[in-house]
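Here is how the chains run, residue by residue.
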Amino acid sequence: MTTSIIATALAACVAGGHVEHDDSVIVLHDVTVSGQHQRDFQMRMSQSAVQVSKEYLQQNFAGSLSQTLEGIPGVKAMAIGSGQSKPTIRGLGYNRMVVSEDGIKHEGQQWGNDHGLEIDQFAIDRVEIIKGPAALLYGSDAIGGVLSLYTNHVPTESLNGNVQVFGRSNNEQLGLSARLGGRSGRWFYRAGATVIDYADYSVPTDSIRYYSYWIRLKNHRLRNTAGCERDCNLMLGYAGYRFHTDIRISDSYAKSGFFANAHGLEVRLSDIDYDHSRRDVDLPYQWVNHLKVLSHTSWQSDNVRMDFNLAWQNNIREELSEPVSHGYMPQPDGTLERRFVKNTLTANMGLSINLGECHELRTGVNGEYQHNRRSGWGFIIPDFKSSSAGLYAMDSYSVNDNLKLNAGVRIDHANTTISNYHDWYMTPTSAGDSVYMERSANADRRFTSFTWSTGINYATGHWVLKANVGKSFRMPIPKELGADGVNYHIFRYERGNADLDPEESYQLDMGIHWDNDVVFIQVDPYLNYFPNYIYLNPTAQYVEGLQLYHYTQAKVLRYGVEAQVLYVINKHWETELKGEYLYARQKSGQKKGYTLPFSTPWSVDAGVKYSFQWHGNTFVGMNAHFVGAQHEIVPPENPTDGYWTLNLSAGKQIDVRNSKINIALHADNLLNRRYYDHTSYYRLIDVPEPGRNVSIKVGLEF
Amino acid sequence: MNNKRIMSLITALIAASALSIVSCGDSDDDDSKDMQQPVISNKDIVENPIDCQVYHRGETILFHYIMTDNQELGAYNIEIHNNFDHHTHSTTSVDCEMDAKKTPQHPWVYNQDYAIPSGLRSYEAKFDIPIPADIDTGDYHFMIRLTDKAGWQQIHSVAIKIAE
Chain A
35 MTTSIIATAL AACVAGGHVE HDDSVIVLHD VTVSGQHQRD FQMRMSQSAV QVSKEYLQQN
95 FAGSLSQTLE GIPGVKAMAI GSGQSKPTIR GLGYNRMVVS EDGIKHEGQQ WGNDHGLEID
155 QFAIDRVEII KGPAALLYGS DAIGGVLSLY TNHVPTESLN GNVQVFGRSN NEQLGLSARL
215 GGRSGRWFYR AGATVIDYAD YSVPTDSIRY YSYWIRLKNH RLRNTAGCER DCNLMLGYAG
275 YRFHTDIRIS DSYAKSGFFA NAHGLEVRLS DIDYDHSRRD VDLPYQWVNH LKVLSHTSWQ
335 SDNVRMDFNL AWQNNIREEL SEPVSHGYMP QPDGTLERRF VKNTLTANMG LSINLGECHE
395 LRTGVNGEYQ HNRRSGWGFI IPDFKSSSAG LYAMDSYSVN DNLKLNAGVR IDHANTTISN
455 YHDWYMTPTS AGDSVYMERS ANADRRFTSF TWSTGINYAT GHWVLKANVG KSFRMPIPKE
515 LGADGVNYHI FRYERGNADL DPEESYQLDM GIHWDNDVVF IQVDPYLNYF PNYIYLNPTA
575 QYVEGLQLYH YTQAKVLRYG VEAQVLYVIN KHWETELKGE YLYARQKSGQ KKGYTLPFST
635 PWSVDAGVKY SFQWHGNTFV GMNAHFVGAQ HEIVPPENPT DGYWTLNLSA GKQIDVRNSK
695 INIALHADNL LNRRYYDHTS YYRLIDVPEP GRNVSIKVGL EF
Chain B
3 MNNKRIMSLI TALIAASALS IVSCGDSDDD DSKDMQQPVI SNKDIVENPI DCQVYHRGET
63 ILFHYIMTDN QELGAYNIEI HNNFDHHTHS TTSVDCEMDA KKTPQHPWVY NQDYAIPSGL
123 RSYEAKFDIP IPADIDTGDY HFMIRLTDKA GWQQIHSVAI KIAE
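Which chain is which? The protein sequence lines are A and B, in order. Convert by adding 34 to the 1-based position in the first sequence; the result is the number in my numbering. Convert by adding 2 to the 1-based position in the second sequence; the result is the number in my numbering.
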């Protein structure tokens, strides 16, 4: 498979190809306008990395940030219903990847199944994606990779800004986003706000079948998946020649309904008249508010650079649903099923020293403190607090302009303290009495991890070759250590394992890059081994009426490749072919021989784009997206058929005196095909992916 | 190091990793792994309970089903809970006539896990479940959950009514 994708890619390139994809826009600019820039970026780090510009984000706007980034090989959005989706890199998501904003790790309830990123995607200036382990600089969790978001571009003019209005047909989404920024001498400011409102999603089916339950849909709408989002942020800063400091305050609020007929995986009927409006949000629903205060200070001389980051994050999340009795739990009072309040304090200090011409030494310390409190009648994770500290040093050695070596080491220590939790209702025991069952015991765990990484970058002629090998890790989260109860969302009994060790991962990454004026080729294979992957294993056993899922650790082998070929036929036509493949196997434990849950199937994108002027911003593109069938499954998954969709995109830029008007149009799933995404959370209840969707965005930049 | 040596070194690395990928591709695939859910059926028996049956307080419900798996059965569970709020319907397409909605006072809650002797592909479960005399009458769900050793699960839900 691995080789066939590469072969196909190369064959198509040689043949000139009749196919291409819409999001080549920016990459293409890199190739034709700034090939050197692309090369410099490729030479900057030995890991597989992708740079995403603001223009790419704007032109490929697809609802949520993770969905917008889906055009990048290796990056997927794990749809979790409504406008929400979680990013995954090379099949790893949740706590196996890091999302950072201006160098600070974003801390919400990222273990959760049903919420996305609490970040205003319109505030983002650029994105850097590291595919593969990045523990050295990012610490725990950076196993699958890092989604590094930057919002700290310093304005260059006294006043600039933009206003964008956008809409989507599928869920009748409407949105407005405005930014303002300016600079006066060395002082600068930025401010922005975004509001989004959307109705229930529509799917190309009139009913959903789950365990032979038939759920009829009115007007093809997924009941109660409407929602809204409101974001705002303010930044003030001072940018001197050697000294820079800024402070940024942002708040992101989102509210969205859960599909009314299956909260979690339970099929339900309700008295609520969901069908009377498709824009309102009834029970069950969730809301989340993320407040972030971030300060960044740097000082640099000719050979030394110091960075100092401080951040406070406050994440409040609630899930509300109709109270019903379950097993021995009587009908609770009120609708508050779960509430989490998480506070995170982060401090990072970095020092970079140029030692002569060849060596650049980077060293730093990271510290983090987390405090998480729960409430509501549904228990899933215990209260906890954790503190961690990491120390790293890394040397980059430039033998010459074409050959760079790097190596680094890191040590981390973390301490997690879990508070016990007892049910608020009594459960009969085998001894004949009734007790408030303990669902989580007091626990105090300490973890130490030692990680390392080393790599090489080599450029010759049109080639850039990279190799990196490194170890990364992840501290077990309180749910994995301390859960012991029914997860009614997924209808299973989940039991943690207080003896879990930090999960470790070793990975070999390669990068092969070739470009000239008209062709761009990028191939990124990798080989990944976990000696102790933390896996929630479905057992044969029942506990309190539900199937027991037990956290265990297993050896896991994964490998895969992403490949991308771009070809500029002439000044109007461009084509692109890209694809990815991923293999995962559990090599020990009860599920030896099985894959991992939500295994990404192979996919190939073929696209063609016509530009009206050379390097212009007016274009039309078509893209065909092919996804393979996935028969590699673990309980309780179903195999998923392959599918393909046809998508169209177009853009136009109009200059009006000192401002610019940008228009971006996207039509996804033009043929309104009905298909299932194997990596979607709702796949488990047989909800197909959204049908045809046309989105348009008009922006005014001044 | 000169360019040629580095090139060959990198090529060798790439080739080695490509080889290792290809070689470990199929070697450890376990074709014997269980990829099928277990089955709850009425093969060669008259199954019980079934949808829309009416029982009386103080009586017993005969539980009689056949459970099978292609490799090895795991365990099963029987859970009975009220459907006074009409919250779901059964896994079969039959619609039984239901009483009016009401608030539970002393509903029947039955929740028992049962082991299946190890190594079996087929198991016949047959026993009586006594219905307490003091429970609320009305519509109930009789849920049968079955796992196999690999962790696949099958659910069968039956709608019954308990009368005076």
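Check before you lean on any hint, since a few could be wrong.
Covered stretches of chain A, as calculated for chain B (at least 3 residues, CB under 8 Å) [claimed, not checked]:
hint	stretch
1	378-391
2	576-588
With the Cβ distance kept under 8 Å, some of the chain A side facing chain B (calculated, not the full set) [said to hold, decoys possible]:
hint	residue
3	Tyr-362
4	Phe-484
5	Pro-631
6	Pro-670
Worth flagging that the hints you see were computed from the coordinates, not collected in a lab. Note that the structure is predicted; figures quoted are calculated from it, not measured. The beta carbon of each residue, even a glycine, is placed where N, CA and C say it ideally should be.
Structure-based check of each hint:
Chain B is given as covering the stretch 378-391 of chain A, and this is violated because 0 residues of the stretch bring a CB closer than 8 Å to a CB of that chain, at least three being needed. Proximity of the stretch 576-588 of chain A to chain B, defined as three or more residues with a beta carbon under 8 Å from a beta carbon of that chain, is established by the 6 residues found. A least Cβ separation of about 6 Å between A:Tyr-362 and chain B falls short of the 8 Å threshold, and the interface hint therefore holds. Hint status for A:Phe-484 relative to chain B: violated, with the closest Cβ pair at about 24 Å, above 8 Å.
About 12 Å separates the beta-carbon of A:Pro-631 from the nearest beta-carbon of chain B, more than 8 Å, and the hint is not met. At a threshold of 8 Å, the smallest CB-CB gap from A:Pro-670 to chain B is about 6 Å, leaving the interface hint in force.
When each numbered hint is compared with the structure, violations occur for hints 1, 4, 5.
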